[in-house]
Every structure is written in C-alpha cells, then in structure tokens.
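J.: Chain by chain, the residues:
Protein chains: 2
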Amino acid sequence: MTIKDIAKACGVSVSTVSRVLNNHPDVSRSVREKVSSTVERLGYIPNNSARDLVRTRSDNIGVVVRGQDNLFFSAMVKTISREIESRGYTMVLHFIGSDDDEVMAGAILEREKKLRGLIFLGGRFDYSAETLAPVGVPFVCCTYTNCFGTLDEKDYSSVSIDDYMTAYRAVRTLIDLGHKRIAVVAPATDDRSISELRYKGYRAALEDGGLDFDPELLVETEGFFEMPKAYEGTVKLAERGTEFTAVFALSDTTALAAVKALEDHGRRVPEDCSVIAIDGLTVSEYANPTLTTMVQPVEEMGRQSVAILADMIEQRQQCCHLRLETKLRSGGSVKKI
Amino acid sequence: MTIKDIAKACGVSVSTVSRVLNNHPDVSRSVREKVSSTVERLGYIPNNSARDLVRTRSDNIGVVVRGQDNLFFSAMVKTISREIESRGYTMVLHFIGSDDDEVMAGAILEREKKLRGLIFLGGRFDYSAETLAPVGVPFVCCTYTNCFGTLDEKDYSSVSIDDYMTAYRAVRTLIDLGHKRIAVVAPATDDRSISELRYKGYRAALEDGGLDFDPELLVETEGFFEMPKAYEGTVKLAERGTEFTAVFALSDTTALAAVKALEDHGRRVPEDCSVIAIDGLTVSEYANPTLTTMVQPVEEMGRQSVAILADMIEQRQQCCHLRLETKLRSGGSVKKI
Numbered sequence: 001m002t003i004k005d006i007a008k009a010c011g012v013s014v015s016t017v018s019r020v021l022n023n024h025p026d027v028s029r030s031v032r033e034k035v036s037s038t039v040e041r042l043g044y045i046p047n048n049s050a051r052d053l054v055r056t057r058s059d060n061i062g063v064v065v066r067g068q069d070n071l072f073f074s075a076m077v078k079t080i081s082r083e084i085e086s087r088g089y090t091m092v093l094h095f096i097g098s099d100d101d102e103v104m105a106g107a108i109l110e111r112e113k114k115l116r117g118l119i120f121l122g123g124r125f126d127y128s129a130e131t132l133a134p135v136g137v138p139f140v141c142c143t144y145t146n147c148f149g150t151l152d153e154k155d156y157s158s159v160s161i162d163d164y165m166t167a168y169r170a171v172r173t174l175i176d177l178g179h180k181r182i183a184v185v186a187p188a189t190d191d192r193s194i195s196e197l198r199y200k201g202y203r204a205a206l207e208d209g210g211l212d213f214d215p216e217l218l219v220e221t222e223g224f225f226e227m228p229k230a231y232e233g234t235v236k237l238a239e240r241g242t243e244f245t246a247v248f249a250l251s252d253t254t255a256l257a258a259v260k261a262l263e264d265h266g267r268r269v270p271e272d273c274s275v276i277a278i279d280g281l282t283v284s285e286y287a288n289p290t291l292t293t294m295v296q297p298v299e300e301m302g303r304q305s306v307a308i309l310a311d312m313i314e315q316r317q318q319c320c321h322l323r324l325e326t327k328l329r330s331g332g333s334v335k336k337i
Numbered sequence: 001m002t003i004k005d006i007a008k009a010c011g012v013s014v015s016t017v018s019r020v021l022n023n024h025p026d027v028s029r030s031v032r033e034k035v036s037s038t039v040e041r042l043g044y045i046p047n048n049s050a051r052d053l054v055r056t057r058s059d060n061i062g063v064v065v066r067g068q069d070n071l072f073f074s075a076m077v078k079t080i081s082r083e084i085e086s087r088g089y090t091m092v093l094h095f096i097g098s099d100d101d102e103v104m105a106g107a108i109l110e111r112e113k114k115l116r117g118l119i120f121l122g123g124r125f126d127y128s129a130e131t132l133a134p135v136g137v138p139f140v141c142c143t144y145t146n147c148f149g150t151l152d153e154k155d156y157s158s159v160s161i162d163d164y165m166t167a168y169r170a171v172r173t174l175i176d177l178g179h180k181r182i183a184v185v186a187p188a189t190d191d192r193s194i195s196e197l198r199y200k201g202y203r204a205a206l207e208d209g210g211l212d213f214d215p216e217l218l219v220e221t222e223g224f225f226e227m228p229k230a231y232e233g234t235v236k237l238a239e240r241g242t243e244f245t246a247v248f249a250l251s252d253t254t255a256l257a258a259v260k261a262l263e264d265h266g267r268r269v270p271e272d273c274s275v276i277a278i279d280g281l282t283v284s285e286y287a288n289p290t291l292t293t294m295v296q297p298v299e300e301m302g303r304q305s306v307a308i309l310a311d312m313i314e315q316r317q318q319c320c321h322l323r324l325e326t327k328l329r330s331g332g333s334v335k336k337i
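Chains as they are written, first to last, in this note's numbering: chain A, 1 to 337; chain B, 1 to 337.
Hints in this document: simulated from the structure, not taken from any laboratory. All of these numbers come straight from a predicted model, not from anything done at the bench. There's no promise every hint is true.
It does not matter which identical chain is used: a pair holds within one copy or between any two.
The calculated lysine-lysine pairs, modelled on DSSO-like cross-linking and capped at a C-alpha distance of 30 Å, are [unchecked claim]:
hint, residue 1, residue 2
1, Lys180, Lys236
2, Lys8, Lys78
3, Lys34, Lys154
4, Lys336, Lys200
5, Lys4, Lys114
6, Lys114, Lys335
7, Lys154, Lys200
8, Lys335, Lys8
9, Lys200, Lys34
10, Lys4, Lys200
11, Lys114, Lys336
12, Lys114, Lys327
13, Lys229, Lys34
14, Lys327, Lys154
15, Lys180, Lys34
16, Lys34, Lys336
17, Lys180, Lys154
18, Lys154, Lys336
19, Lys4, Lys113
20, Lys335, Lys200
21, Lys336, Lys4
22, Lys34, Lys4
23, Lys229, Lys327
24, Lys78, Lys180
25, Lys154, Lys114
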C-alpha cells in the first residue's frame, strides 16, 4: 500500500494526497474528506511502529536530492555513495525538482524501497512533527537544519554549515575591501530555507557595516540556484541603472552566471564589479576569474551524514546536529576599491 | 557467495580474484591455483544460467559511473535515475575511479545487489567475450561502443555518439576558420577508449585539411578529464614555446581548465587562442567566454540507454546499438584568423 494507491483510489494526484496527509490548507473540504476516508478504509498507516511490523528487511538508504543541475549536490553524492556502500548499505538515489516536497518524496521512497534511513540533500527549514510524520525511518538533513521549525531536535539529525554566518562573512569580506553598494542575487528572501538564511546574513553584514539596505540592490531569481535564472536576474540588475560595485551570489553556479551576465553587459569582474559566493566547487576554481567563495566542506558533510545515519539505524547513537566550518577561498573575482 | 568471500577465503584482494576470473596474465601460478580451487570448493559460479537459478528476484538496475568530478555524467545520472524509476526499477549507483575496471565493478555489484541489468557510464572500447563473462545480466554501454573489441554485437547494447567524427568536425571547424597550428589536450592517445577515438578524429581532420601533425602540439594529461590535470597540461603547452592559435580539448571541463591556463599565461581566448571542445554542459554555456563545443544529446542518451536495457530485461528486444548526433554550439571561444 503506497500513497500512489491512495491517489489512484481517490482519482486525485499523489501531491493532493500528500497535501491532505500534511494538513496543507490548499485542499477543498470534499477532497480532504474523500482522501481521509480512503486512507482509513484501505488501511494506509503512515505510522512508524505499525509499518515496521510488516516491513521486509532491506539494506536501502534513500538519498533525496533537490534541484536541477546542482553541482554542489553532484559532488556530494559521490562521497555519500562511497560511504553508504562501504557500510554495507545500498544507496537509492532520487532527484526532485526545485519546488517538490522532499518529505513526501522521501516518505514515498521509503515505502516503495523499504528504506532503512533517509538523507535529504536540500530542504526547507521549517518542519513540524506533523510534517515529518510520514517519514518512518531515521533521517539526516544534509546541508540544512530546522531552525525555523518546531520539530524536536531529538527526532532528526542534521549536518550543515552556518548559512547565516557564512553569508555574513562573505559580505563582510566585501565591506572590508571598501564596497558600500553590494547587490545580492538570491532565489528568495523569505522561503524558510537556505536562501532566506543567507539573505539575512547579507542584511546583517550590511547593518553591522553601517550600510543602508537598498531594495534596488536585491534580485530575486526564484527557483533553486539554476544558472539561467541567475543570469536573467543579474541582467535585470545591470539594466536597472542602480549603482553597485559588488555582487553577493548565494551559490557558486549562480555566481558564475552572474559574472557572465555582468561581462555581457560591459562590466568586467573584478575591475568594474566584485563577485563573491558560497560553495567552493572545482569548476569555479577554474572559472575566469577564479571565483572568490566560502568553501563548504563537501566531503566531510557527506561522510558525516552517512556516519550519523548509520549510527541511528544501528542504534548506536541518538540524533545529533553537526555544524561544520566554511573557509574563504580567495580567487580573482573580488578587489579592493 | 560473493567475490569478496572468495578473496577473504584465499587471503588475497578482490582485484586479484577478479584478475584470476578474467584470466589476466599478471597473477602468479600459485595464487591462480589457490583462487581457482577455492572458487570450485565454495561453489562460486560466475556463470549466468546457473546463477539465475538461485537468484532472488530484485528490481535493481546498476549504473557504474567512471571518473571523479565528471559533470557530463552527473548531468546524465539525473535522466537515467528518472527513467529507471518511472519503469518501476531501482537504480543502484556506483562510482569508480578513472583507472578502475568497470566490468569487474559491475560484476561485483551484480552479485551483491542482485541486479537485473547494468548501465556503464564510460568504459573501454576493447572488450572480448572473456572479459565480459563475469557480467551475467543484460548491459548497455552508455557513451561508448566496442569498436576496438571482439565482443559480439549481439551480446551487448550501446548508446553513443560517433566520437571520431565529432572530434573530426570540431577540429574541421577550427581549420575552416583559418587555424593551422591546432594543439590537442587529451588524457591519452592510445588507451583503446574515448580519448583515442577523439584523438584520431583530430589527426584525421588535420590530415584532410592538409596540415602536418606536430608532436609538440600534443599534451597528454592522463587521468579521465580531470580539470587540474588539463590545467597543468595546458600550462606545459603554453610554456613549451611552440606556436599555436587554437586548442582542441576532448571535453568541456578540460576545455574550461585549458582556457584558464591560457589566460593565466597571458593568452586571451579567443583573441590570442581559440578553444573548442565536446560535451555541451550548462556550466560551459555560462563560462567566460561561452565555450564553443559539440553538444552531446545527454538527455536522449540517458533515456535511450534505460529504454533499451528495460527492453532487454523484459525480453521485448535483442541487443541494439544507437549512435546519436552531436551538434555544434557556437560560443565565444573560437575566432576566425
């Protein structure tokens, strides 16, 4: 019995069933009642202990990866794969789109593949116990935590950097080099996710540096760090006519797209505009100019996520929360003014 | 019973057992006899039909990915994953290093994960029936074929581009723009693999263009398209003092590293040197300058590989060999001289 069966029996989409199970507001009363009664009638139990009774043992660990063309996650998947295999488990990899619900995707995967545990690569920061109820196995939030949510810290693990502070330090680096008009290219500013935290770090650095925030310096690109959107957003910024001497991009790939957009609009990097980011990809090290960026410890994040999950599955350890350090990689995309 | 058990029982490494099973010459007679007798004693049967009798049915499809930081394969894994899942199978992803034996990795994975089929992302082009004997399930060579080997075309499937012709067309593009001194940055020239084919395409284009080959224009980087190696190789080329006006790099990422090395040595691209490659990655579209490259149909290659494999597993179709078209993406890294 999977969520797909429920959807089929009700004649609605899987995402509608997921919305009902998660008590999302945007479902009509009639659909909600139909789904709920079907769930009851067919005996679909999104409840942990009951499910375990009928579970066939597997060695599968699910890895749910958010976003298209996310090179940071691609790099991490290799480490995670190696660590999962070396511990005798099998990795079941699942990609979801920028706007998909990772929890529901993980819960479905858990049922279909009889998972022992889950690693989420990318997700929202505002889980509640109710939202996570469909996930009946130990899980690790990798690259994010639950700082906006109400989920008990004892009910999940996380491995992340301090997004707020890392963004703060990146922007502080620009301010220390004399920049006062610093633009920001961000997917969103209030999505209860990684973008919001990094955007807030930017705002805090401006404030502490005695700089006023100018809404004209903000570009919201939507999506999840896709290069085309970051390129378009930066073009808009460049065409807006607002003065700026530096750009803070929330990720390496969006920074590369921003550099491209700036150069295409006659602004050389770093001569006319500095660019700084967060990630530390190999490809941005060989970009022209080499990107100045806050490097995330991608190997260690992957390694620790699997180690913690294995400890949870094998009941050697309770949930735990690791926050890893980032480090400035000085490239050629930033200059003193 | 896995190859690991055999290795353990004999007190040798897994790769030694694999060499024995594959009749590689570099194993001593005593080790060979010890492994062979253990294989017999423990009843390890690397034989297809016998193994099927004891096989527990699974829905696993193995995907063996060669190379570190290979962004082309990262892009393809997403498509392959989606296609495998949509057909009701589970993807078991396995990364191997540049120099690892993909066949043995696949054979081990097949046993450990009870695979129904295998997709190799990257491999050698010189298989024989003996080399492939340990693989007891249908498989698809994705991104390569077996043009140097003796394996019967009816025993495997492949989805690839015409590497020789694609390289030929890339170099021909440079020649048509007036370039006569065209350097090549290649992992190898005689490895019976993708590099050899593309290198031969380069040589043929030179010959047809009436240009002599100069060994000084060749840089062998070793490895498998790693950026640091391509960077170092191009630095050597630049410091060699040999005159050249263009570089053909065998992949997008090595081309990006080559552009970086050229710029770091005072040669602007394309003003002082043109650069062309093969792949068509998103990240090279946003490089500075945009890379001119032969685009591989990455989505279709992934989709077709899974479709063909599923047909083989479900016995709807015999082996087949697809050769897909590439297309020139004109960027800003090439100019007429």
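J.: Taking the hints in turn, state whether each one holds.
T.: Hint check:
1. Lys180 <-> Lys236: Classified as within: same-chain Cα gap 20 Å, cross-chain 41 Å, threshold 30 Å.
2. Lys8 <-> Lys78: Result: close only across copies, 26 Å inter versus 36 Å intra.
3. Lys34 <-> Lys154: neither (34 Å within a copy, 52 Å between copies)
4. Lys336 <-> Lys200: within (24 Å within a copy, 48 Å between copies)
5. Lys4 <-> Lys114: both (15 Å within a copy, 25 Å between copies)
6. Lys114 <-> Lys335: neither (52 Å within a copy, 55 Å between copies)
7. Lys154 <-> Lys200: within (27 Å within a copy, 60 Å between copies)
8. Lys335 <-> Lys8: neither (58 Å within a copy, 57 Å between copies)
9. Lys200 <-> Lys34: neither (42 Å within a copy, 65 Å between copies)
10. Lys4 <-> Lys200: This pair counts as neither: shortest intra-copy Cα distance 39 Å, inter-copy 51 Å.
11. Lys114 <-> Lys336: Classified as neither; 55 Å inside a copy, 58 Å across copies.
12. Lys114 <-> Lys327: neither (38 Å within a copy, 42 Å between copies)
13. Lys229 <-> Lys34: For Lys229 and Lys34, neither the intra-copy (39 Å) nor the inter-copy (60 Å) Cα distance is at most 30 Å.
14. Lys327 <-> Lys154: within (29 Å within a copy, 53 Å between copies)
15. Lys180 <-> Lys34: neither (57 Å within a copy, 73 Å between copies)
16. Lys34 <-> Lys336: So Lys34 and Lys336 fail the 30 Å test inside a copy (63 Å) and across (67 Å) alike.
17. Lys180 <-> Lys154: Classified as neither; 42 Å inside a copy, 67 Å across copies.
18. Lys154 <-> Lys336: Close neither inside one copy (46 Å) nor across copies (64 Å); limit 30 Å.
19. Lys4 <-> Lys113: Both: 13 Å inside a copy, 25 Å across copies.
20. Lys335 <-> Lys200: Result: close within a single copy only, 24 Å intra versus 44 Å inter.
21. Lys336 <-> Lys4: neither (56 Å within a copy, 57 Å between copies)
22. Lys34 <-> Lys4: Classified as within: same-chain Cα gap 15 Å, cross-chain 52 Å, threshold 30 Å.
23. Lys229 <-> Lys327: Classified as both: same-chain Cα gap 27 Å, cross-chain 24 Å, threshold 30 Å.
24. Lys78 <-> Lys180: neither (40 Å within a copy, 41 Å between copies)
25. Lys154 <-> Lys114: within (23 Å within a copy, 36 Å between copies)
Of the numbered hints given earlier, the model fails hints 3, 6, 8, 9, 10, 11, 12, 13, 15, 16, 17, 18, 21, 24; all others are met.
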